[in-house]
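Peer 1: Sequence:
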Amino acid sequence: MNTIYRLLLIVLFLFSQNNNAQKRIALFNQKDLKGWYAFGEEAGKHNNAADLFSVANKMIRMYGPKAGYLMSEQSFRYFELTVEYRWNTDANFVKKNNSKNSGVMYLVPSETPDVLWPKGIQFQIKEGATGDFVFLQEVTLNINGTKITPGKSVVSKRFADAEKPIGEWNKLIITSKNGVITQKLNGKLVNQGTESSVTEGRVLLQYEGFPIDFRKVCIKKSK
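Residue numbers (mature numbering (1 follows the signal peptide of the UniProt record, and there is no 0)): -21 to -1, 1 to 202.
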């Protein structure tokens, strides 16, 4: 292999790596909550998300006496969203209740008002139900050829269980493209559907009363 050919291969490899890196966006920089705003049950909207939630040890830490969420400032259309989470069982963290219930919402339209909980699709994170779809505020999806009946909050059960024991980190991956939605948990397909009635929107991390930590939150755009 001559020198010119080697150099060409190196250039092509670097171009490919750079192109992939450009498509992947870290929504959480592991330092602060830049790029997010917060909404609380009674506190309302806070452009300074640190008013309600915190960052420590490269983690988003969500806890406290009131429910709320973090909302991304950016909207996305076709994407692969990766989020890592774990339940925080440290008794020093204030909680609203003992129900291990949370979620990652996506495709939350930019025009939808801030309420608990806004229009969009939720990847349910809940003890005994992680991986369920929750369709909020009339959102619909076809699952196994049947259209979900629209409603305020409609659940479609997961296909399989894949959540790790309490306290361990879990990795969920959500893909959305051309109305096709898939949800994976720890490498296992847990839900999927087609013909989504929402195809573009923001990402939302839920706090429903039991402390939860998020660390990796990144999104890869697709064409």
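The hints are simulated quantities; they were obtained by calculation from the structure and are not laboratory data. Quick reminder that beta carbons are idealized off the backbone N, C-alpha and C, glycines included. Any given hint could turn out to be false.
[What the hints assert, rightly or not] Simulated crosslink set (BS3-like; lysine-lysine; CA at most 25 Å straight-line): (1) K150 / K2; (2) K75 / K105; (3) K74 / K195; (4) K2 / K143; (5) K74 / K105; (6) K45 / K163; (7) K156 / K126; (8) K74 / K45; (9) K195 / K131; (10) K167 / K74; (11) K126 / K74; (12) K79 / K195; (13) K37 / K98; (14) K126 / K167; (15) K167 / K131; (16) K163 / K136; (17) K136 / K98; (18) K37 / K195; (19) K143 / K126; (20) K79 / K37; (21) K136 / K150.
[What the hints assert, rightly or not] The following label-pair restraints were derived from C-beta to C-beta distances: (22) S33 / N77: 26 to 32 Å; (23) K13 / D140: 33 to 39 Å; (24) S201 / P44: 36 to 42 Å; (25) Q171 / P44: 23 to 29 Å; (26) N77 / K136: 32 to 38 Å; (27) K167 / F72: 15 to 21 Å; (28) K131 / S201: 27 to 33 Å; (29) D11 / I145: 23 to 29 Å.
Peer 1: Going through the numbered hints above, which ones does this structure break? Give me the numbers in ascending order.
Peer 2: 4, 6, 9, 10, 11, 13, 15, 19, 22, 25, 26, 27
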